[in-house]
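Engineer: Protein chains in written order, with my numbering: chain V, 1 to 480; chain B, 1 to 424.
Accuracy of the hints is not assured; some may be wrong.
As the list claims (entries may be wrong) - Covered stretches of chain B (chain V as the covering partner; in silico rule of three or more C-beta atoms under 8 Å from a C-beta of chain V):
#1 82-88
#2 114-128
#3 164-175
#4 346-353
#5 412-423
Since the hints were made in silico from the structure, they are not lab data. Note that CB positions come from ideal geometry on N, CA and C, so glycine has one too.
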Amino acid sequence: MKYLDLAMNAASSLGAEYADIRIQKTTDQVIYLQNLSLKHVQTGVIEGYGIRVFKDGAWGFAHNKEYSEAAVLATVEKAFEIAKLSASVNKKKKLQLAPERSYIANYKTPVKIDPFDVPLAEKVDLMMEVNRTMLAYEGIRRANFYLIMHKDEKLFASTLGTRLDITYQFIDPMISATAVSDTDSQSRTFDEGGHATGWEWVLSLDLIEKAKQIAEEALIKVKADTLGAEERRSLILDPNHLGLTMHESVGHPTELDRVLGWEADYAGISFATPEKLKNFRYGSELINFVGDNTLAEGLATMGFDDDGVPGQKWHIIKDGILNEYGSTRDTAMEIGLNYSRGCNRATYYFNQPINRIPNLYLLPGTKALSPGELIADTEDGVYIQGRGSFSIDQHRINFQFGGDFFWEIKNGKLHRPLKKILYKSCNPEFWNSCDAICDERFWRPFGVVNCGKGQPPQSARMTHGSAPARFRNIRVGGSQ
Amino acid sequence: MKIEQIEQYIKTHCSADDYSLHINNRESHETRFAQNGITQHIAGPEAEIMLNVSFGTRSGACMINHVTEANLDYLIQTAEAIAKMAPEDPEFISSAPAAELAKVNNCAEATLSLSPQAMVDIVQKSIDKAIALNATVSGMCEKHIKKTCLITKNGFKGYDKFSRFGHSMTIKKGEVETKVSYEAKDFAPFNLEQEFSRLAAQAEALSEMKAFDPGKIAVILRPEALQELLWYLAWGMQRRQADEGLSPFTGQLDKPCFGEKFNLYSTLKRPEMHAPSFNGEGIPSREITWVESGVLKAMNCSRYWAKAVGAEPLSMYNFYIPGEDSSEDEMMQLVPRGLIINRFWYIRPVDMKKGELTGMTRDGVLYFEAGKVRHAVNNLRFNEIPHEMTRRVLALGSNKLSAPSANLPTMLIDDFNFVDKTSF
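Construct the entire structure; sequences and hints are all you get.
Structural biologist: Written as structure tokens, this is what we have:
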């Protein structure tokens, strides 16, 4: 597109040390069905461009939605002026950008059936059937189905000479059933968190069967017991649950901008400070976390980040030791890294990209171990499936998590269903308490489509993954 | 294209039985600083044009951000195509009818005229002051001008314009971290000297830290902390959720499920507060009493559910809890010991049916005993049920605007339930 060169030439002429332009069209379709009533069905198209200018160790970012030569040039000038204003403050605190080469490349999320091409009636028919299936159970008061389809079409150019053409998309179906008894209401949810793929994934999920399962489990849950006082117990966590736990307790603390204190005023900072690199025992020797923005169907797999840095794969925690961070071009140099790990992403065209969690997953155990064998090997504990309540302090140390479905384990067997279970732990105690991880046959990905961070707030996506794992001696109990 | 032109275009070209047109425009300038330097600096306009249409009880919607005739054609055609394919909606509600809206003023001239240079000067001065204290400061200086409009085929027309200025500062000196923030529609009362003095005083008060174990203890919640709890309390006060047995407020209308000292209102009468004249559904704002002397008088109620159960549609458009005149010093005299909480963080529901929440303290916790602040303590985790917590209110302080839509007092609460602690 002619505006790419126009903007980059203008930025260079003004004296920018670096500049880029991201022309981005975001198309969403969101369908929300509740109790056979379509509460929301909307297609949205948000389109425009954001221009970043780096000058004298500072950023300026201006965005616009008007496409004309005059508008593009005015936006470049605005970004440049803002960068100069920023630089006037940053005289003693100049940012630097990690070196990067230029790329001319295309990336397209592999999709067999584009969900935007599937007729709305076909999607709604499936959703209605799923809703009906859940409402057919006596005691199910509410049946929900959210379906989110998202596509970003981006053209990116930088003064390094990079030219990228990226089409990224994902789809996320989420269903839930709520059972109501005389004294309680409890929900059970099926939510894989989204995959960067097409409608074919939704068809493969057999959502009618999933609907039956979660309706039945919601009815079990509303009548289930809860645990009494908090005690130290063993926990077995399934991949869907662990996805959120690792997101909060490993993903966010290893974002380099938090480590540097750039989120001190809002999202918080990190205990995992640079002097701990290569020596801090974050977890037991079983714990290997990999950042991987090349992961197939990963929500952060998009070829390149919004710095124009390609997707990479690296160890964030290796054999339990803090190994490296997720970084961007402007954060990497602050700790002396002369490369970025490609974690700079923006949500919409009007957002300045920020340091985000990559696809981040826990490697499976290397010894053959199934979930059944893991439960059989556990005398007294709780097995947690799915996501529930989650909260963590702003240094990412102390946390409390719930879950979606719970089983008490007694003498190596699933003893009884439970509800309202909470566990409390902290970094690095929690990951050091891991003594078993099931093998790669049981590894599952889990997506996060709504990771909120930044001012102004942005919502990012990434995929986590793990096999079921066991954690010893964790404080587990019922809620109040 | 102006709003009137968009309205006319939709009126002329939309063939649906019914429609709602929602237009938002926003112009923002956002300067984000951290560790004594600017890390992000953003400016530009945003727009959203949303059209909801219906044929009979079949509905569809589309949103765009470009306003040309071609884009509006896409908007209309897409929304209409969705509606024609959608199934009949058993909970359909037609668009909002004509309504008389309250006259409101949500804009301040001082905010409208604030320049980027002036905002950078505020950031520079904030950093200079932090450096003088041998500390670092992080925060955000922001200005937003937002216009919103809702027009329906049934005759509703509403236009609101808002200004908002915000400047937040988190200081870090040694191990001490604390924060102050100013957020209001009007920039004029903002005084950086006062704000930074408050920040420095908070930091100084936190300089001596001692370990503290969780348990039930009296707390003085400053307005910023109360505000965090209130968002979640308000979110749970939904008439439909209650009527369907999903919330703690089932069967509680007109019953004293809050404490006697607790009152909660939405009001158009306080000029310092944002008060939109209507909400996104076209529910006009009026004076609303949500809780009076502990009795639950009203809950948020959508237009559909209001029609279904014969209630009035209501929306909690701002939060006003009238305070009293107890100072923090006086509050500290009322209980043997307790904690002063600056802010909460990462609040999440634990049990929707009971209304139980969890969260952490943040930005400084002070321990007091025998009427005096003794030292700072580590941050703590709570599991609490806010409406039950209001039954333990012992005293109320004077009011403060903690956000443009929240005017809240300091609150002394007995037996606040802390369940865990962290290491800082």
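Engineer: Hint by hint, note whether the structure agrees.
Structural biologist: Right, here's what the structure says about each hint:
{"no.": "1", "hint": "82-88", "verdict": "holds (count 4)"}
{"no.": "2", "hint": "114-128", "verdict": "holds (count 6)"}
{"no.": "3", "hint": "164-175", "verdict": "holds (count 4)"}
{"no.": "4", "hint": "346-353", "verdict": "holds (count 8)"}
{"no.": "5", "hint": "412-423", "verdict": "holds (count 6)"}
Of the numbered hints stated above, none is contradicted by the structure.
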